[in-house]
Amino acid sequence: RKMATKIQREFKTRCHNNPLFYSVTEDDTVSKVPADRMTESMKADLARLQVQFKAKTEALANKEKSDVERASALAKRTLDRESARAARLACTAVERQRCYGDDIIFKEDESKYLLVVRIKGTNKLPPKPRKTLALFRLRKVHQAVFVKLNKATLNMLKVITPWITFGEPSIELVRAILYKRGFCRTGYMGSRMRTRIQGCDIIEEYLGALGIVGMEDIVHEITSVGPHFTAVNRFLHPFQLNTPSGGFKKTKKHAFTEIRGGEAGNRGKHIDALVSRMI
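Using the working numbering, you'd call the opening residue of the sequence shown number 6 and step up by one each time.
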């Protein structure tokens, strides 16, 4: 028999020892057999169920209280971040206007992350681009992932440019794709599952040690390319998008930046127009 790994044992212990997962109900704490006819084993089972029900009731009450505190703290952090972002955008607009008046070229801030979408399948796909797509976790058509922008990823993107399109998404698009198409990788190593993100509990379970307890924390970590960007990106499953509503406007054989136009390659901030039709 194959022995369980340390990660598997810790996962099993964490789930089995959590009172929130107890299946006991209030009806289970009352015996259907008269007390004078109960055996010692029946009395022991009843006492065990009563202890479990009490622990479950207390755990549910504590969880409800902690959920309210977590939601209020998350809302406050989100408002503070949005206020800071609005202030930065206002300062950038003022600086841009000043440079325009002084006939100075204003250099926009470069994005530190990209949204990469696969738009072509495996037909006549050479081995090197196939392996590069697998490293980006783009194994199916219309899958999308966030990628940290650096020299290594730029060189890898050059290899697979004919099969993908990528650009700099806005925070509104990041928020929309996470809320509408957000799935995560749950379970333990060697037995991962694709699970939909339906609340903060699953986020806090896997990313709580990093201070990330809600969807807005994930949005902030992605858009700011924070210190835990890699961990958050590994937690997220590749986004499975639809075919664009209305279809692709141009051919996939040519790049978006060519004069004749196409769908592949770098499209900069125009990535929002395409992906918003695929969510």
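There could be a bad hint or two in this list.
As the list claims (entries may be wrong) - Cβ pair distances, simulated, as ranges:
id: 1; residue 1: Thr-127; residue 2: Val-230; range: 26 to 36 Å
id: 2; residue 1: Thr-235; residue 2: Ile-264; range: 32 to 42 Å
id: 3; residue 1: Leu-94; residue 2: Ala-236; range: 19 to 29 Å
id: 4; residue 1: Ala-60; residue 2: Arg-93; range: 14 to 24 Å
id: 5; residue 1: Asn-23; residue 2: Lys-153; range: 28 to 38 Å
id: 6; residue 1: Arg-190; residue 2: Ala-98; range: 18 to 28 Å
id: 7; residue 1: Cys-96; residue 2: His-21; range: 29 to 39 Å
id: 8; residue 1: Asp-85; residue 2: Thr-30; range: 36 to 46 Å
Unchecked claim - Derived DSBU-like pairs (lysine-lysine); straight-line CA-CA distance at most 30 Å:
id: 9; residue 1: Lys-136; residue 2: Lys-48
id: 10; residue 1: Lys-112; residue 2: Lys-153
id: 11; residue 1: Lys-185; residue 2: Lys-125
id: 12; residue 1: Lys-37; residue 2: Lys-70
id: 13; residue 1: Lys-48; residue 2: Lys-153
id: 14; residue 1: Lys-129; residue 2: Lys-255
id: 15; residue 1: Lys-133; residue 2: Lys-112
id: 16; residue 1: Lys-17; residue 2: Lys-133
id: 17; residue 1: Lys-153; residue 2: Lys-81
id: 18; residue 1: Lys-163; residue 2: Lys-125
id: 19; residue 1: Lys-125; residue 2: Lys-258
id: 20; residue 1: Lys-125; residue 2: Lys-112
id: 21; residue 1: Lys-37; residue 2: Lys-125
id: 22; residue 1: Lys-117; residue 2: Lys-258
id: 23; residue 1: Lys-133; residue 2: Lys-153
id: 24; residue 1: Lys-117; residue 2: Lys-48
id: 25; residue 1: Lys-255; residue 2: Lys-185
id: 26; residue 1: Lys-70; residue 2: Lys-163
id: 27; residue 1: Lys-81; residue 2: Lys-136
id: 28; residue 1: Lys-70; residue 2: Lys-156
id: 29; residue 1: Lys-48; residue 2: Lys-70
id: 30; residue 1: Lys-125; residue 2: Lys-81
id: 31; residue 1: Lys-136; residue 2: Lys-59
id: 32; residue 1: Lys-48; residue 2: Lys-59
id: 33; residue 1: Lys-145; residue 2: Lys-255
id: 34; residue 1: Lys-254; residue 2: Lys-163
id: 35; residue 1: Lys-17; residue 2: Lys-117
id: 36; residue 1: Lys-37; residue 2: Lys-11
id: 37; residue 1: Lys-129; residue 2: Lys-145
id: 38; residue 1: Lys-81; residue 2: Lys-37
id: 39; residue 1: Lys-129; residue 2: Lys-112
id: 40; residue 1: Lys-81; residue 2: Lys-145
The set of hints was computed from the structure by calculation and includes no laboratory data. Values in this document were obtained by computation on a predicted structure and should not be read as measured data. Glycine is no exception: its CB is placed at the ideal position from the N, C-alpha and C atoms.
Hints versus structure:
Against the hinted window of 26 to 36 Å, the Cβ-Cβ separation of Thr-127 and Val-230 comes to about 31 Å, which satisfies the hint. Take Thr-235 and Ile-264: their Cβ atoms lie about 38 Å apart, and the range 32 to 42 Å holds. Hint check: Leu-94 to Ala-236, Cβ distance near 28 Å, so the stated range 19 to 29 Å holds. For the pair Ala-60 and Arg-93, the beta carbons lie near 48 Å from each other, so the given range of 14 to 24 Å is not met.
In this structure, Asn-23 and Lys-153 meet the distance hint of 28 to 38 Å, their C-beta atoms being roughly 34 Å apart. Look at Arg-190 against Ala-98: about 39 Å separates their beta carbons, and that is not inside 18 to 28 Å. Hint check: Cys-96 to His-21, Cβ distance near 53 Å, so the stated range 29 to 39 Å is violated. Remark: the range hint 36 to 46 Å for Asp-85 to Thr-30 is upheld by a beta-carbon distance near 42 Å.
Simply put, Lys-136 and Lys-48 have alpha-carbon atoms about 61 Å apart, too far for the 30 Å limit, and the pair is violated. Proposed proximity of Lys-112 and Lys-153 is supported: the alpha carbons are some 21 Å apart, at most 30 Å. With a C-alpha separation of about 23 Å, the suggested pairing of Lys-185 with Lys-125 holds against the 30 Å cut-off. The hinted pair formed by Lys-37 and Lys-70 fails the criterion: a straight-line CA distance of about 34 Å is larger than 30 Å.
Proposed proximity of Lys-48 and Lys-153 is contradicted: the alpha carbons are some 60 Å apart, above 30 Å. For a cut-off of 30 Å, the pair hint linking Lys-129 to Lys-255 stands: about 21 Å separates their Cα positions. Under the criterion of a C-alpha separation no larger than 30 Å, the hint pairing Lys-133 with Lys-112 is inconsistent with the structure, at around 35 Å. Using a Cα cut-off of 30 Å, the hinted pair Lys-17 and Lys-133 is violated, with the two alpha carbons roughly 39 Å apart.
Pair hint Lys-153 plus Lys-81 holds up; C-alpha atoms about 27 Å apart against a cutoff of 30 Å. Among the hinted pairs, Lys-163 with Lys-125 is consistent with the structure: their alpha-carbon atoms are about 15 Å apart, no more than 30 Å. Between Lys-125 and Lys-258 the alpha-carbon distance is near 10 Å, which keeps this suggested pair within the 30 Å criterion. Taking the CA atoms of Lys-125 and Lys-112, the gap is near 34 Å; set against the 30 Å cutoff, the hint is violated.
For the hint linking Lys-37 to Lys-125, the alpha-carbon distance of about 64 Å lies beyond 30 Å, and the restraint is violated. Taking the CA atoms of Lys-117 and Lys-258, the gap is about 27 Å. The hint holds against a cut of 30 Å. Pair hint Lys-133 plus Lys-153 holds up; C-alpha atoms about 21 Å apart against a cutoff of 30 Å. Proximity of Lys-117 to Lys-48 is assessed by CA-CA distance (about 63 Å); at most 30 Å being required, the pair is judged violated.
Note on Lys-255 and Lys-185: the hinted pairing holds, with a Cα-Cα distance of about 26 Å set against a maximum of 30 Å. Annotation: proposed proximity of Lys-70 to Lys-163 is violated, straight-line Cα distance about 50 Å (limit 30 Å). Restraint check: the Cα-Cα separation between Lys-81 and Lys-136 comes to about 43 Å, which exceeds 30 Å; the hinted pair is violated. For the hint pairing Lys-70 with Lys-156, the CA-to-CA distance comes to about 46 Å; that exceeds 30 Å, so the pair is violated.
Restraint check: the Cα-Cα separation between Lys-48 and Lys-70 comes to about 33 Å, which exceeds 30 Å; the hinted pair is violated. This hinted pair does not check out: Lys-125 and Lys-81 have alpha carbons roughly 42 Å apart, beyond 30 Å. For the hint pairing Lys-136 with Lys-59, the CA-to-CA distance comes to about 53 Å; that exceeds 30 Å, so the pair is violated. With a C-alpha separation of about 17 Å, the suggested pairing of Lys-48 with Lys-59 holds against the 30 Å cut-off.
Our distance criterion of 30 Å between C-alpha atoms is met by Lys-145 and Lys-255, whose separation comes to about 21 Å. In summary, the hint linking Lys-254 to Lys-163 is supported, as the alpha carbons are separated by about 23 Å, within the 30 Å threshold. The suggested pairing of Lys-17 with Lys-117 is violated, with an alpha-carbon distance near 38 Å, which exceeds 30 Å. With a C-alpha separation of about 41 Å, the suggested pair Lys-37 and Lys-11 falls outside the 30 Å cut-off, and the hint is violated.
This hinted pair checks out: Lys-129 and Lys-145 have alpha carbons roughly 15 Å apart, not beyond 30 Å. For the hint pairing Lys-81 with Lys-37, the CA-to-CA distance comes to about 50 Å; that exceeds 30 Å, so the pair is violated. Using a Cα cut-off of 30 Å, the hinted pair Lys-129 and Lys-112 is violated, with the two alpha carbons roughly 40 Å apart. At roughly 38 Å between alpha-carbon atoms, Lys-81 and Lys-145 are farther apart than 30 Å, so this suggested pair is violated.
Of the numbered hints stated above, those contradicted by the structure are hints 4, 6, 7, 9, 12, 13, 15, 16, 20, 21, 24, 26, 27, 28, 29, 30, 31, 35, 36, 38, 39, 40, listed in ascending order.
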